[in-house]
Each structure stands twice: as C-alpha cells, then as structure tokens.
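Produce the complete structure using the sequences and hints provided.
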Amino acid sequence: MKAPRSVLASILVLGAAVLLAAVPAIASAAPGWKVPSENPCQGPEAKHLLCPDLRIGTPSEMYVSSYDGKTLLHATSDVQSRGRGPMEVRGQRDGPKSMKVTQRIYKVGGGHITLRTHASLQFTDVGEYFGGSYWKVHQLARFELRRVLPEGSLGPVLRTSPKLNYCLRDLDRTRPGARSPDHRVYPGCNQDRTIPRDRLGTSVGWSDIYPADYNKQYIDVSGLHGCFAFGMTVDPKHLLFESNEDDNSSHRRVRLPFDGGGC
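Numbers 1 to 263, taken from this note's numbering, label the letters of the sequence shown in order.
Worth double-checking, as some hints may not be accurate.
Derived BS3-like pairs (lysine-lysine); straight-line CA-CA distance at most 25 angstroms [what the hints assert, rightly or not]:
{"#": "1", "residue 1": "K100", "residue 2": "K237"}
{"#": "2", "residue 1": "K70", "residue 2": "K216"}
{"#": "3", "residue 1": "K97", "residue 2": "K237"}
Pair ranges (Cβ atoms, derived) [claimed, not checked]:
{"#": "4", "residue 1": "R93", "residue 2": "N244", "range": "30 to 38 angstroms"}
{"#": "5", "residue 1": "E151", "residue 2": "R252", "range": "16 to 24 angstroms"}
{"#": "6", "residue 1": "L154", "residue 2": "R199", "range": "34 to 42 angstroms"}
{"#": "7", "residue 1": "R93", "residue 2": "I113", "range": "19 to 27 angstroms"}
{"#": "8", "residue 1": "Y63", "residue 2": "H225", "range": "13 to 21 angstroms"}
{"#": "9", "residue 1": "P156", "residue 2": "H238", "range": "16 to 24 angstroms"}
{"#": "10", "residue 1": "E151", "residue 2": "T58", "range": "18 to 26 angstroms"}
{"#": "11", "residue 1": "A46", "residue 2": "R197", "range": "21 to 29 angstroms"}
{"#": "12", "residue 1": "C227", "residue 2": "H112", "range": "41 to 49 angstroms"}
{"#": "13", "residue 1": "R255", "residue 2": "G95", "range": "42 to 50 angstroms"}
{"#": "14", "residue 1": "D68", "residue 2": "K237", "range": "23 to 31 angstroms"}
{"#": "15", "residue 1": "T58", "residue 2": "H238", "range": "18 to 26 angstroms"}
{"#": "16", "residue 1": "S222", "residue 2": "A46", "range": "41 to 49 angstroms"}
By construction, these hints were calculated from the structure, which means they are not laboratory data. Even for Gly, the Cβ is constructed at its ideal location relative to N, Cα and C.
Dropping the structure here:
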C-alpha cells in the first residue's frame, strides 16, 4: 500500500529542514579550529610520545649561476628527521589550492594523538621541467644570507630565497638505526589537485633532499662582496610540534663573489 502524497510531501519537507539545520552547524565547525597553546613534545607528557625532531643539513654542492642580470648562489638542502618518531602531517581541503593541517604524533606502546597546527599545504607549481605542481608544506624551510661581522658574529638578514614550500617525504635513508624503517613509508608528494585530503611525512633516519639545481634553491647575491653566512632553517615559524626547536638551523660561510671557498 502506497503512502498518500501528502504524507510523502511532509516527509520530504521534514528531511529538507533537517538538512538545512545541519548546514550552519557544519559551517560553524571551521572557526573552532584551535591549535594547542603548549607543545606536548616539550611537556611532562613527552615521555609517552614518539615526538619528531626536524633538522637541516649544512648547505652543500653550492654553485653560482646568472639569470636576467642577477647572480644566484645555489645550494642543496637536506631536511632530516631525527626524533623518536616520524614527522607526519595530514591536510584537509579548505580552499582551491590549500589545505589546513593536523599533525599525528605516535605514542609509546601504540596509538597516536592528533594535533591541529598553524601549518598549511599549498598546491605549488615548480615548473614543467621539475614535474609541474605538487602538494607541499607552506613555509617548511627558509634560506637567509647574513654578513659575517669583523668579530665573527652575524649581522641582520640581507637576502632570502624565493622558495618556501617543501614536501615531507622519505627520499634517502641518511641515518639508519633501530627506529628507522628500512623502506619508504612516505612517498613523493601528490600531484592531484582535486584530492580532498593528503598525508606527508618523513620517517626517523630519513631525509627529504633537494639538489642545488632544483627550482628556487638559491639566494640572489648580486653586487655583494665579503664574508657571508648562507643559512638554512627548517620550520622557521614553528608551525609544527617537535621535541627540540633549537636545532632547526645550519649555515655555511662563503666569500662573495663566490669561488667555492669559505671565509
């Protein structure tokens, strides 16, 4: 026996009302995105967590190129994962080319916690020569050039690199150990612009390395003369949670114009 049309109409109206009522609740969930004010990897609960620790190797394989009248000093970067657990982030779409990010930290004995962060993923174009566009962590690393002062200290930042966005991936196993998996857990970065979510990471003992000739791996050093420090910093804005925030930088002293030597 079929239900009268009036009953079906009432059911449809009621269903629509329920859906409409749910929309504001879903929309209002976005402003509730709160980032912890304390770093659990540096508090009393840290002993129960397998917290990550990102470092960056000393700038290497440096060379100079010329482009559009500018002198560019290139360098290879080596973002290293050296903590008790991996650096793992998960993105959730919040714009045409962006995702907000949570960080997963694994627990001693099993399980994990998920933390909201100020980090974001951006769909980043690196040029056709380097493969096109990838989902990368925004502001994961920064290159800076400072003058070395006569007494040996470093002056203010004079120049920076145009590159800010990097993947987190298992590229090379640079420090094997008991906590380091012998196979890649986190692959290369995703190139599908349409995905609603993504996962990136670097396992303990592994590195994500970008060669000196990769897209934007340089600082413009045009017109500079003397002794300078070419510095690299991973997670310069402390957007991710780590066990140690004091080992995120490295630098190499170079004399400009660059001839391959230091100072």
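With 34 to 42 angstroms as the target window, see if L154 and R199 comply at their CB atoms.
Distance hint for L154, R199 holds at roughly 37 angstroms.
Hint check for N244 and R93 - Cβ pair distance inside 30 to 38 angstroms
At roughly 31 angstroms between Cβ atoms, N244 and R93 fall inside 30 to 38 angstroms, so the hint holds.
Are Y63 and H225 spaced within 13 to 21 angstroms by their CB atoms?
holds (18 angstroms)
Cβ-Cβ distance between A46 and R197: within 21 to 29 angstroms?
With a Cβ separation near 28 angstroms, A46 and R197 satisfy 21 to 29 angstroms, so the hint holds.
Is the straight-line distance between the alpha-carbon of K97 and that of K237 25 angstroms or less?
Holds, at roughly 21 angstroms.
Looking only at beta-carbon atoms, does the pair R255, G95 fall within the given range of 42 to 50 angstroms?
holds (44 angstroms)
Hint check for H112 and C227 - Cβ pair distance inside 41 to 49 angstroms:
holds (46 angstroms)
Is the hinted pair K70 and K216 satisfied, with a Cα-Cα distance of at most 25 angstroms?
holds (13 angstroms)
For P156 and H238, compare the CB-CB distance with the range 16 to 24 angstroms and indicate the outcome.
For H238 against P156, whose Cβ atoms are near 20 angstroms apart, the range 16 to 24 angstroms holds.
Return holds or violated for the Cβ distance of S222 and A46 against the range 41 to 49 angstroms.
holds (45 angstroms)
Cβ separation of D68 and K237, checked against the hinted range 23 to 31 angstroms
holds (30 angstroms)
Taking 19 to 27 angstroms as the hint, is the beta-carbon distance of R93 and I113 inside that range?
holds (23 angstroms)
Checked against the numbered hints above, the structure violates none of them.
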